[in-house]
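J.: Assemble the whole structure, with the sequences as input and the hints as a guide.
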Amino acid sequence: QKEVEQNSGPLSVPEGAIASLNCTYSDRGSQSFFWYRQYSGKSPELIMFIYSNGDKEDGRFTAQLNKASQYVSLLIRDSQPSDSATYLCAVNIYNNNDMRFGAGTRLTVKP
Amino acid sequence: DVKVTQSSRYLVKRTGEKVFLECVQDMDHENMFWYRQDPGLGLRLIYFSYDVKMKEKGDIPEGYSVSREKKERFSLILESASTNQTSMYLCASSLGWGGYGYTFGSGTRLTVV
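For the protein sequence lines, the chains are P and X, in the order given.
Here the first sequence stands for residues 1 to 111, where the numbers follow our numbering.
Here the second sequence stands for residues 1001 to 1113, where the numbers follow our numbering.
Rather than coming from a laboratory, the hints here were simulated on the basis of the structure.
Careful: at least some of the hints might be erroneous.
[To be verified] Not the full set, but computed from the structure, chain P residues with beta-carbon under 8 Å of chain X: (1) Gly29; (2) Ser32; (3) Tyr39; (4) Ser43; (5) Pro44; (6) Leu46; (7) Phe49; (8) Tyr51; (9) Met99; (10) Phe101; (11) Ala103; (12) Gly104.
All C-beta atoms in this analysis are idealised placements derived from N, C-alpha and C, irrespective of residue type, glycine included.
T.: Now the structure itself:
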């Protein structure tokens, strides 16, 4: 079983819709959870992090964490064509020595 | 904002050459990492360092070595480049362990011919 799993997509949504990106992880000791955005040909950029169960909102982005279900998600409200990118979920086990990345979900927002 | 700078955006090297990839960060981060990213395989950790002169192997260290002589600089060395090392190489840094995200450099696309 992969440590961090994401649906590779592509996920296509119309402009203005809510895009929902999902991620599951295997290690119950995981403490910190991150979402990175990667535009084609560019490097990943950190956009959200969450440590506690529940929701965390930042502008149009909401990260949701459910540790019991080992599930973390990213919602993008009012999706824009500029949101078209690959979104990487990453999990860090506290005091562990590296970040575990999912393979990413490719999102396309159509005008 | 933390800046992580990789010295080259594109490199073309010949099989058997020794290749140096340089990475510099400007915010006094403790930890630095080297990843490679390949289509369908995602990000794979090659080596990381948590202090000057300290290094730890990641998931795929074979064929690579690293050097961290100064806190701000972390170098990746391909001892004898091979075609299967053609990839995008990404350097990253973080303030510490656990709850800190990574800041990535812009990447070096290496082609070995």
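J.: State for each hint whether it applies.
T.: Here is what the structure says about each hint:
| no. | hint | in the structure |
| --- | --- | --- |
| 1 | Gly29 | violated (12 Å) |
| 2 | Ser32 | holds (5 Å) |
| 3 | Tyr39 | violated (11 Å) |
| 4 | Ser43 | holds (4 Å) |
| 5 | Pro44 | holds (5 Å) |
| 6 | Leu46 | holds (4 Å) |
| 7 | Phe49 | holds (5 Å) |
| 8 | Tyr51 | holds (6 Å) |
| 9 | Met99 | holds (6 Å) |
| 10 | Phe101 | holds (4 Å) |
| 11 | Ala103 | holds (4 Å) |
| 12 | Gly104 | holds (7 Å) |
Hints 1 and 3 from the list above are not met by this structure, while the remaining hints are.
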